[in-house]
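**Q** Chains as they are written, first to last, in the numbering used here: chain S, 538 to 729; chain Y, 538 to 729.
Treat each hint with caution, since some may be false.
Note that the list lumps identical chains together, so a pair holds whenever it fits in one copy or between two copies.
Said to hold, decoys possible - Keeping only pairs whose Cα atoms sit at most 25 Å apart, straight-line, the calculated BS3-like set for lysine-lysine is:
# : residue 1 : residue 2
1 : K685      : K595
2 : K706      : K686
3 : K557      : K657
4 : K552      : K657
5 : K706      : K586
6 : K657      : K706
7 : K552      : K565
8 : K680      : K586
9 : K632      : K680
It should be emphasised that the hints constitute simulated quantities derived from the structure, not laboratory data.
Number of protein chains: 2
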Amino acid sequence: MRKNTKDEIIRTTAKLIQEKGYVGTGLKEIIEQSGAPRGSIYYHFPDGKEQIALEAVKWTREAVRSFIQEELSKHEDALIAIQSFILDSADRFEKNRYFVGVPIAALILETSSTNDNLRKSCEGAFETWSLEFMKKLQENGYKESIAKKLGTIINTMIQGALVAALASKHAESLRTTAGILPLIFSQQSLQK
Amino acid sequence: MRKNTKDEIIRTTAKLIQEKGYVGTGLKEIIEQSGAPRGSIYYHFPDGKEQIALEAVKWTREAVRSFIQEELSKHEDALIAIQSFILDSADRFEKNRYFVGVPIAALILETSSTNDNLRKSCEGAFETWSLEFMKKLQENGYKESIAKKLGTIINTMIQGALVAALASKHAESLRTTAGILPLIFSQQSLQK
DNA sequence: GTCTATATTCGGATAGAC
DNA sequence: GTCTATCCGAATATAGAC
Numbered sequence: 538m539r540k541n542t543k544d545e546i547i548r549t550t551a552k553l554i555q556e557k558g559y560v561g562t563g564l565k566e567i568i569e570q571s572g573a574p575r576g577s578i579y580y581h582f583p584d585g586k587e588q589i590a591l592e593a594v595k596w597t598r599e600a601v602r603s604f605i606q607e608e609l610s611k612h613e614d615a616l617i618a619i620q621s622f623i624l625d626s627a628d629r630f631e632k633n634r635y636f637v638g639v640p641i642a643a644l645i646l647e648t649s650s651t652n653d654n655l656r657k658s659c660e661g662a663f664e665t666w667s668l669e670f671m672k673k674l675q676e677n678g679y680k681e682s683i684a685k686k687l688g689t690i691i692n693t694m695i696q697g698a699l700v701a702a703l704a705s706k707h708a709e710s711l712r713t714t715a716g717i718l719p720l721i722f723s724q725q726s727l728q729k
Numbered sequence: 538m539r540k541n542t543k544d545e546i547i548r549t550t551a552k553l554i555q556e557k558g559y560v561g562t563g564l565k566e567i568i569e570q571s572g573a574p575r576g577s578i579y580y581h582f583p584d585g586k587e588q589i590a591l592e593a594v595k596w597t598r599e600a601v602r603s604f605i606q607e608e609l610s611k612h613e614d615a616l617i618a619i620q621s622f623i624l625d626s627a628d629r630f631e632k633n634r635y636f637v638g639v640p641i642a643a644l645i646l647e648t649s650s651t652n653d654n655l656r657k658s659c660e661g662a663f664e665t666w667s668l669e670f671m672k673k674l675q676e677n678g679y680k681e682s683i684a685k686k687l688g689t690i691i692n693t694m695i696q697g698a699l700v701a702a703l704a705s706k707h708a709e710s711l712r713t714t715a716g717i718l719p720l721i722f723s724q725q726s727l728q729k
């Protein structure tokens, strides 16, 4: 029935970190919401809370990566593909508040100056996602250096838009971000 | 005697929230680092931690607002003024890690789904800062609706760049953001 | 693999003296 | 305005039975 207790703990932790942050998420709550056996936490994660968070980051990184990949494959054109990825994300944000990818930003702001392990793993997630945008751009003929820069910018803009969306409780900032992408592409594309 | 005991608590809290987040910041640490008398916390802030955080947000909002205003007044041209504001911020980020304005994003991600008072005050801070950019743009002849939209976008991009900067521990994302502003302005300005 | 019980530390908050 | 003492709950983590 349950695929795996361990996976369920990881997934629940990713969700809870998004809602309440890293410090604000208690092991007690992880156990309750995941339905995991109370005594199994330190069996699966001997290093405790940090280890769970690191695996939650890894899980989030891959979940978002494959989601980006899937969405981008729906359109040939990189600009249109990335735009519709962002617009889809906006819809998701409004439907249920759970949006994978946010917990990474939360972790960074909480731990960037106190826990270098977590900070580095979050940095890696950002790089992974930027790379997906970059690959799509290269498929469209952008040369490597431009594609890399644009990929990073896009990821950064999305993160900012997500923070703004959480602050205002609506996804307009994401839609606006999608809307200004053509302006950035139009000039950069001259350097293809 | 020290009229600034209260102010010192507020300022210290703003700094600590940036470093460790809202939940991660303890009253004990606030007292220690601010040098405030131990027994004075609940005298000055009868509503406890949340009240201190709310005042820290207000303080940060105004500190950043006047900093933006001051920086933008150094150049006539809105694009150049905003660009140099962002570049100055990048320098500050690298010199000492303390950068006012970040604690707001930290608070949003931690409390957006658990504490509506704090969320709203953070939203207000974003609006205040966006308004400063908007005013500068209007002085440059942008019509209100365009200026407002651009002001919001700029604030959003800066927030995203800050998250990326904290993740990577360098300010390149801020400089890149300054670099792509002309692309956004160049087209939007047609609608002056 | 899972459970219970517990150790230990720490959080925010209150009461009352001065 | 400030201090000390203290409460209460919650946090992470460990030990050892089953």
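**Q** None of the hints should be skipped; say for each whether it holds.
**A** Right, here's what the structure says about each hint:
1. K685 to K595: within (22 Å within a copy, 38 Å between copies)
2. K706 to K686: between (30 Å within a copy, 17 Å between copies)
3. K557 to K657: Classified as both: same-chain Cα gap 21 Å, cross-chain 16 Å, threshold 25 Å.
4. K552 to K657: Both: 20 Å inside a chain and 22 Å across chains, each within 25 Å.
5. K706 to K586: between (29 Å within a copy, 24 Å between copies)
6. K657 to K706: between (29 Å within a copy, 10 Å between copies)
7. K552 to K565: within (14 Å within a copy, 29 Å between copies)
8. K680 to K586: neither (42 Å within a copy, 52 Å between copies)
9. K632 to K680: neither (37 Å within a copy, 34 Å between copies)
Comparing the model with each numbered hint stated earlier shows that hints 8 and 9 do not hold.
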